[in-house]
Amino acid sequence: MSATLQNLVNQPYKHGFVTSIESDVAPKGLNADTIRMISSKKKEPEWLLEFRLKSYEAWLKMEEPAWPNVHYPKIDFQAISYYSAPKQKPKLKSMDEVDPELLRTFEKLGVPLHERMALAGVAVDVIFDSVSVATTYKDKLAEVGIIFCSMSEAVLDHPELVQKYLGTVIPPSDNFYAALNSAVFTDGSFCYIPKGVKCPMDLSTYFRINTEESGQFERTLIVAEEGASVSYLEGCTAPAFSSNQLHAAVVELVALDNADIKYSTVQNWYAGDENGIGGIYNFVTKRGLAKGVNSRISWTQVETGSAITWKYPSCVLLGDNSVGEFYSVAVTNHYQQADTGTKMIHIGKNTRSTIVSKGISAGHSNNSYRGLVKIAPSATGARNYSQCDSMLVGHQSGAHTFPYIQVANNNSQVEHEASTSKIGEDQLFYFAQRGIDAEAAVSMIINGFCKDVFQQLPMEFAVEATALLSFKLEGSVG
Amino acid sequence: MIYQDSRLLLEVRGLCATVNGTEILKGLDLTVRSGEVHAIMGPNGSGKSTFSKILAGHSAYEVTGGTVMFEGQNLFDLAPEERARAGVFLAFQYPIEIPGVGNSQFLRLTYNTVQTHRGKEELDPLEFDDFVREKMKLLEMSPDFLERSVNEGFSGGEKKRNEILQMAMLDPRLAILDETDSGLDIDALRIVANGVNQLANKDNAIVMVTHYQRLLNYIVPDYVHVMEAGRIIKTGGKELAFELETRGYDWVGVEHKAATRAAV
Chain V
0 MSATLQNLVN QPYKHGFVTS IESDVAPKGL NADTIRMISS KKKEPEWLLE FRLKSYEAWL
60 KMEEPAWPNV HYPKIDFQAI SYYSAPKQKP KLKSMDEVDP ELLRTFEKLG VPLHERMALA
120 GVAVDVIFDS VSVATTYKDK LAEVGIIFCS MSEAVLDHPE LVQKYLGTVI PPSDNFYAAL
180 NSAVFTDGSF CYIPKGVKCP MDLSTYFRIN TEESGQFERT LIVAEEGASV SYLEGCTAPA
240 FSSNQLHAAV VELVALDNAD IKYSTVQNWY AGDENGIGGI YNFVTKRGLA KGVNSRISWT
300 QVETGSAITW KYPSCVLLGD NSVGEFYSVA VTNHYQQADT GTKMIHIGKN TRSTIVSKGI
360 SAGHSNNSYR GLVKIAPSAT GARNYSQCDS MLVGHQSGAH TFPYIQVANN NSQVEHEAST
420 SKIGEDQLFY FAQRGIDAEA AVSMIINGFC KDVFQQLPME FAVEATALLS FKLEGSVG
Chain G
0 MIYQDSRLLL EVRGLCATVN GTEILKGLDL TVRSGEVHAI MGPNGSGKST FSKILAGHSA
60 YEVTGGTVMF EGQNLFDLAP EERARAGVFL AFQYPIEIPG VGNSQFLRLT YNTVQTHRGK
120 EELDPLEFDD FVREKMKLLE MSPDFLERSV NEGFSGGEKK RNEILQMAML DPRLAILDET
180 DSGLDIDALR IVANGVNQLA NKDNAIVMVT HYQRLLNYIV PDYVHVMEAG RIIKTGGKEL
240 AFELETRGYD WVGVEHKAAT RAAV
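Chains as they are written, first to last, in numbering that gives the first Met the number 0: chain V, 0 to 477; chain G, 0 to 263.
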C-alpha cells in the first residue's frame, strides 16, 4: 500500500515544458543602471523611475528575512536577470498578432487567448516572464468603466490612478522582497473598478515563467471604488529547470466604502523534482487594505507548487465594520517547504476576520502556518475566528503552526482552533475494505479536509484545485 | 441455515500468519458454504480478529503458509479492494473515523464502486439517497447519520450500525462480523442482530467472531468453532456455545490436548 501511495504522490509535473521563443533578456546583475534600463524600456514617467530607485536604495540597506521556517542556500542577486521578454511587435492591435508560439504555449496550459475560444466569462491578462502578452475582454470591460490591463499599460494610460495607489498598501520599505520588487518589477495586472460597478465577469491573470535565469517580479494593483465589487483569479506555472528561479511578486488591493474584492490563487509553480532539485522560490507579499466602511477583502489560495513558499496574504481592516477573510490550502510534497499564513490587522471598529488554513504535508516536506491577528486599541468590538488544521501524509513530513495574537483592547473576541491529523494506513484499509482504492481514498480524504476552503473558490477553479490536489498527492500515503 | 444445494464459498487450509514476526495463526482450517452462519469463539489472543483481518487483506499481517480459496479463487491473489468488490465484507471491531468526509458521500462512493465492478448501474445522488434511507430503516438509524463525517463522534452502537448498514448496501457473499456485539447495549444489539438476520440468505454466508455467547441468542449459528492458539480446536452446533458460556474455554483445550496425545 505504501508503494501505491508513493506512486500517487510522485506524478510528474504537467506544465514543465519550455517554450522556444526568441527573448530579449537583460544581462544578469542588479544596479541602478539595470533599473534605469527597465524603466526606459517601458518608457516610464520620471516619478516611477524615482520610486524604483528609492526602493533600490532601501533594499540595499535591508537584510533577507531569516525568521521563516525554510532553508535554502543564499541567493546571489547578481546572478539573476531582471528582465526577459519575448520578442514581438511592440503594440498589438489584436490577439491575431500574438506570436503563434505563445498562443500555443498558453493553449497547452489551458488558457486559450483567442476570445472566441477563451474561458467563458473570464477575462485574462497573460504574463510571460517579465511582460504582459495579452489581455482578453478588455473592450467589453471598458464599456462599464472597468480598467483591466497590464501594469505597463496602466502606467502609460492611467498614470494618475497608478501613482495614487502604488505602494500605498505595501510601501517599498515593507520588507526585503517587497523592496526588491518595487525596484525591478516588470509587469503585472492593473484593475480598477469604478464606483458602484459590480464586475460582470471574473478577472484573471495567468503568470508563466519561461526563461531559466530570469526572475519574475510582477506587480498587481486592484482598486475597487465605493460600492464596487470584483472577483479576481490568479494562476501560475513554470518549466521544470534544475536551477531555482526567484519569483518575488507584490499584490496590493484597495477597497473603498462598501467595496468587495475577492482574490483567488491557484499556485502551481514548478516545485522541483522528487529529490528537491530545482523549483521556484516563491517569495511574495500580498496585502489588501479594507479602507472604507463595510468593505471586504477575501483571499483564497491553493498553494501546491514552488520549492519554497513564503507568503502571507494579509488584510488591514481600517474602515469600520470592514471584513477580512483568508482561506488557504497549502500542499507540500517531496522536499518542498512552505511558510505561509496571513496577517489580520484590525484598526476600525467592529471589524471582523476569518482565517481558515489547511496544510497538507507529504514526502519529506515541511509545511508551516504563520499568522498574526492584531487588534488595535481603536478596534473596539472586533472579532476574529481562526482555524488551522494540518494533515500529515506519511512518516517523514512536518507540520508546524505559529500563531501570533495581539489584542490591545478589552472588548474584542479572538478564537483560535487547531488540529493535526494523519492519513493513516487504517483509514486506507477501511476504504479498501469497502472496495475503494488508495487513490480514490486519498482524494476523498483530502477533499473532505479542504472543503471549507474549496467552497470559497469560483466554480472552475474549485474543479481545477480538486484535480490538482488529487494529482499531486496520489500515492503519497504510507 | 444449512441448505442441501449450497455452494462452497470459503475454504481455509492450514493457514499460518505472523504479525511483526510473532506467529498468530498456526494451521487454521475452516470451510464455509453458502447459506451458513458460523461463529468463531475463543479466549482473547487466540487469533480470532487476526483471522478476520487477514481475510480482508490487512497489510500488517504476513501470511506464512496455507491457502484460502474464495469462490474457487485464490483470495491472496486479490488486493484488499478487489476482495471487497468480489464480495468479502468485514464489519470492523473498531470502525475507523474519517473526519471531513461526509458519511453519505462515502457510502455512495463505496456503493457505486462495488456496483460498477459487478457490472451494475451506479446511482446518482438523489437515487442513492432514497436507496440508503430505505436501508437505514432496517437498522432504525436517524437520517442525520448521512450528514455527519464517517464514524466521527459516533457512539459505539452507532458505529456498529453504520457497519451493518454498509453490509446491507453492498450485499456481500461472505460477511465477517468482528466482535460486532462489543460495546453494544441490549437494544442496539437487538437492532443490529435483527438487521443481520434479515440480510442472511441462501446465497451468502456469515462468519461471526465473538467472545461471548450473548450475540448468538440473536443470530443463531449453524456451526460454532472454538479457536485457541491460532487454530480451530473444536467445532459443534449452536449448543456448543451454551456449553462454553457455562463451562468457559479451558476444558476445550484440555480435551483437545488429550485427543491429540491419544492420536499420537
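A few of these clues could be false.
Claimed, not checked - Cβ-to-Cβ under 7 Å is the rule here; a few derived chain V residues that face chain G:
id, residue
1, PRO44
2, PRO99
3, ARG103
4, TYR334
5, PRO376
6, ASP425
7, GLN426
8, GLN432
9, ILE435
10, ASP436
11, MET443
12, PHE448
Stated by the list, open to error - Derived coverage of chain G by chain V (criterion: at least 3 residues anywhere in the stretch with Cβ under 8 Å from a Cβ of chain V; other residues may be distant):
id, region
13, 28-39
14, 43-57
15, 91-102
16, 112-124
It should be emphasised that the hints constitute simulated quantities derived from the structure, not laboratory data. Bear in mind that the values here come from a model prediction, so they are computed numbers and not experimental data. Ideal Cβ positions, reconstructed from N, Cα and C, are used throughout, including at glycine.
Hint by hint, here is what the structure shows:
no., hint, result
1, PRO44, "violated (52 Å)"
2, PRO99, "violated (43 Å)"
3, ARG103, "violated (38 Å)"
4, TYR334, "violated (27 Å)"
5, PRO376, "violated (38 Å)"
6, ASP425, "holds (5 Å)"
7, GLN426, "holds (5 Å)"
8, GLN432, "holds (5 Å)"
9, ILE435, "holds (6 Å)"
10, ASP436, "holds (5 Å)"
11, MET443, "holds (6 Å)"
12, PHE448, "holds (5 Å)"
13, 28-39, "violated (count 0)"
14, 43-57, "holds (count 3)"
15, 91-102, "holds (count 8)"
16, 112-124, "holds (count 3)"
Hint check: violations occur at hints 1, 2, 3, 4, 5 and 13; the rest are consistent with the structure.
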